[in-house]
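So you can see what is in the structure, the chains are spelled out below.
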Amino acid sequence: MTDTTVTTAATPTVSSSRRLAIESMSAYYGDVQALADISLTIEPHTITAFIGPSGCGKSTLLRTINRMHETAPHAKVAGSIRLDGVDLYGANVDPVAVRRKIGMVFQRPNPFLTMSIRDNVLAGLKLQHRKVSKTHGDDITEMSLRAANLWDSVKDRLNKPGSSLSGGQQQRLCIARVIAVEPDVILMDEPCSALDPISTAAIEDLMINLRRDYTVVIVTHNMQQARRVSDRTAFFTVAGAGEPGRLIECGSTEQIFSHPVHQATADYVGGRFG
Amino acid sequence: MSTSYRVDWRRRLTDRSMTVVVTGCFVAAMVPLVWLLGTVVTKGLARFDWTFFTSSMRGIVGDGGGALHAIWGTVLITAATVAISVPIGVATAIYLTEYGSGWLPRLIRFLVQVLTGLPSIVAGLFIYALVVILAGPGARSGVAGALALSLLMTPVVITSAEQMLRLVPTSVREAAIGLGAAKHAIVATIILPHAASGILAGVMLGVCRIIGETAPLLLVAGFTDAMNSSIFDSRMATLPVYIYSQWQNKGADLAAYDNRAWTAALVLIGLVLIFNLTSRLITHRFAPAAQGVGD
Ligand SMILES: Nc1ncnc2c1ncn2[C@@H]1O[C@H](COP(=O)(O)OP(=O)(O)OP(=O)(O)O)[C@@H](O)[C@H]1O
Ligand SMILES: [Mg+2]
Numbered sequence: 001m002t003d004t005t006v007t008t009a010a011t012p013t014v015s016s017s018r019r020l021a022i023e024s025m026s027a028y029y030g031d032v033q034a035l036a037d038i039s040l041t042i043e044p045h046t047i048t049a050f051i052g053p054s055g056c057g058k059s060t061l062l063r064t065i066n067r068m069h070e071t072a073p074h075a076k077v078a079g080s081i082r083l084d085g086v087d088l089y090g091a092n093v094d095p096v097a098v099r100r101k102i103g104m105v106f107q108r109p110n111p112f113l114t115m116s117i118r119d120n121v122l123a124g125l126k127l128q129h130r131k132v133s134k135t136h137g138d139d140i141t142e143m144s145l146r147a148a149n150l151w152d153s154v155k156d157r158l159n160k161p162g163s164s165l166s167g168g169q170q171q172r173l174c175i176a177r178v179i180a181v182e183p184d185v186i187l188m189d190e191p192c193s194a195l196d197p198i199s200t201a202a203i204e205d206l207m208i209n210l211r212r213d214y215t216v217v218i219v220t221h222n223m224q225q226a227r228r229v230s231d232r233t234a235f236f237t238v239a240g241a242g243e244p245g246r247l248i249e250c251g252s253t254e255q256i257f258s259h260p261v262h263q264a265t266a267d268y269v270g271g272r273f274g
Numbered sequence: 275m276s277t278s279y280r281v282d283w284r285r286r287l288t289d290r291s292m293t294v295v296v297t298g299c300f301v302a303a304m305v306p307l308v309w310l311l312g313t314v315v316t317k318g319l320a321r322f323d324w325t326f327f328t329s330s331m332r333g334i335v336g337d338g339g340g341a342l343h344a345i346w347g348t349v350l351i352t353a354a355t356v357a358i359s360v361p362i363g364v365a366t367a368i369y370l371t372e373y374g375s376g377w378l379p380r381l382i383r384f385l386v387q388v389l390t391g392l393p394s395i396v397a398g399l400f401i402y403a404l405v406v407i408l409a410g411p412g413a414r415s416g417v418a419g420a421l422a423l424s425l426l427m428t429p430v431v432i433t434s435a436e437q438m439l440r441l442v443p444t445s446v447r448e449a450a451i452g453l454g455a456a457k458h459a460i461v462a463t464i465i466l467p468h469a470a471s472g473i474l475a476g477v478m479l480g481v482c483r484i485i486g487e488t489a490p491l492l493l494v495a496g497f498t499d500a501m502n503s504s505i506f507d508s509r510m511a512t513l514p515v516y517i518y519s520q521w522q523n524k525g526a527d528l529a530a531y532d533n534r535a536w537t538a539a540l541v542l543i544g545l546v547l548i549f550n551l552t553s554r555l556i557t558h559r560f561a562p563a564a565q566g567v568g569d
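The listed protein sequences derive, respectively, from chains A and B.
Residues 1 to 274 (the working numbering) are what the first sequence spells out, left to right.
Residues 275 to 569 (the working numbering) are what the second sequence spells out, left to right.
Hints in this document: simulated from the structure, not taken from any laboratory.
Small disclaimer: the values here were computed from a predicted structure and weren't measured.
Glycine included, C-beta positions come from ideal geometry on N, C-alpha and C.
A few of these clues could be false.
With the C-beta cut set under 7 Å, the calculated list includes, among others, these residues of chain A facing chain B [unchecked claim]: (1) T71; (2) A75; (3) V77; (4) V96; (5) R100; (6) M104; (7) N110; (8) T114.
Simulated crosslink set (BS3-like; lysine-lysine; CA at most 27 Å straight-line) [as the list claims (entries may be wrong)]: (9) A/K160 with A/K126; (10) A/K101 with B/K317; (11) A/K134 with A/K160; (12) A/K155 with A/K126; (13) A/K155 with A/K131; (14) A/K134 with B/K457; (15) A/K101 with A/K126; (16) A/K101 with A/K134; (17) A/K155 with A/K134; (18) A/K131 with B/K524; (19) B/K524 with A/K126; (20) A/K76 with A/K101; (21) A/K131 with A/K160; (22) A/K101 with A/K131; (23) A/K76 with B/K524.
Quick list of simulated restraints, FRET-style, between CB atoms [claimed, not checked]: (24) B/L399 with A/S164: 53 to 61 Å; (25) A/D84 with B/Q437: 26 to 34 Å; (26) A/E182 with B/A357: 53 to 61 Å; (27) A/R157 with B/G312: 38 to 46 Å; (28) A/N159 with B/D499: 49 to 57 Å.
Let the sequences and hints guide you as you build the complete structure.
Have a look at this one:
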């Protein structure tokens, strides 16, 4: 998996650019400000890693991108996020539609326990009321599970419950579920933190493949992982409890890890902080 | 420190006496239960025969006859009660957990709590008043009985369904939200199936709550000796009311009436037992959380 990471700018395979431009985003939970004035461009067909100490707002920023943030009680945002120029927080934008374009993978694998593996993959389509025929459903299931590197291990038990898989397989099932709805962007919040090293390696391989078709953003606490898989890295920090998280710098992963501009970044990636 | 290994007689004595007290209480609680079941079974077996389950009391004076009409009435009225209270109860619970905010859910919860403690005779009187307004005095019907019982059962369904819906993990809801699902789709496709087994168990509990109700049925469903298979029209017998009337209006052949009452009691307890066991089975077998991977 390491040889694939050295690819420089990945070549877009589709016409739409899928560039995310985050402009002066602030996010609040009630009166508490969790993020202050974040501006950051996420390049299409790259993997961008968000790193930083606990509580600096990485998850919050990720959740503002697909408008999940506002599902928390009393949550508010200010600022804008553009996907290919369209403001996702525009007046006529339906957050549900945004989430169909921007998929999310969570820290803990969360397959739907009442559904079979196949139904889990097709759950997004069903939830979006998209009609699929039996054969089309089979095709989508196979395509998505292949893309998630899971097809070979589950192809003989597609009707078994999703809970019959191991944690790492469940996480790949959750990735397949996101792939099935064909988003433009895939957000992953510490997708490997509940997994063993082998499952982690499998998912890292998968992320690198996903970059071909999607713009990928991951949150990780694992510096090696950020180095291995990401093209660009954004480092966040927080001054203290009750203070909002801020972006310190964002650049190519190579630059952030080798010659960071800020001392705080150097300390963090060098393991001397947090 | 040698003393610390010595047997502490005081503590041992307290232990022993506590064990005796607790066991005693347990036995004291079990004795009436076993006694009750024993009495119902032994007395109920006297008429636990084919005729009891195949004939009504029509034209019967003295020995013979059965409770088919009452069993049928209990089944129909219970089914109608379930048909009324489950949709209302589950819909209310969904509103409370998924949609409601502000003062309205709080008001609803308060009313549900009040209704949970509603004496059943009051439910009966309320429906009686309603039926008198709508259909005139003297009107009795199975559906009126079902309405009265629904007043008792709906709060049970709301409370248990609300608890079950709250147990659906946030992670599962978030997965569905993240897939671009609208609220109603999440509720129908993810949340309800997740909570279904628990809700069903709550419904079973509700059924157990109302299946033995007598007073409201006596008021609004009335009593009859004959078979009536229409819940919308005229009086309808049920098992509890059947027991009451056998006991209350004994004819010359006392034993015949007594025996029928006991057998009806046995059938009623059997029904409750079956519902209870089914509900336990369902919660244990089909709860998604039981398949591992909670959270
Ligand atoms: N639902 C919530 N309600 C209130 N405050 C919240 C909520 N979620 C997060 N916060 C607060 O917002 C701030 C940022 O949290 P966030 O989860 O985004 O941090 P993070 O960088 O993802 O941390 P970690 O690395 O531990 O996951 C924290 O101070 C946290 O306490
Ligand atoms: Mg986080």
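Hint check:
no., hint, result
1, T71, "holds (6 Å)"
2, A75, "violated (13 Å)"
3, V77, "violated (16 Å)"
4, V96, "holds (5 Å)"
5, R100, "holds (3 Å)"
6, M104, "holds (4 Å)"
7, N110, "holds (4 Å)"
8, T114, "holds (4 Å)"
9, A/K160 with A/K126, "holds (18 Å)"
10, A/K101 with B/K317, "violated (70 Å)"
11, A/K134 with A/K160, "holds (17 Å)"
12, A/K155 with A/K126, "holds (21 Å)"
13, A/K155 with A/K131, "holds (23 Å)"
14, A/K134 with B/K457, "holds (26 Å)"
15, A/K101 with A/K126, "holds (16 Å)"
16, A/K101 with A/K134, "holds (24 Å)"
17, A/K155 with A/K134, "holds (16 Å)"
18, A/K131 with B/K524, "violated (65 Å)"
19, B/K524 with A/K126, "violated (62 Å)"
20, A/K76 with A/K101, "holds (21 Å)"
21, A/K131 with A/K160, "holds (22 Å)"
22, A/K101 with A/K131, "holds (18 Å)"
23, A/K76 with B/K524, "violated (73 Å)"
24, B/L399 with A/S164: 53 to 61 Å, "holds (54 Å)"
25, A/D84 with B/Q437: 26 to 34 Å, "violated (45 Å)"
26, A/E182 with B/A357: 53 to 61 Å, "violated (42 Å)"
27, A/R157 with B/G312: 38 to 46 Å, "violated (51 Å)"
28, A/N159 with B/D499: 49 to 57 Å, "holds (54 Å)"
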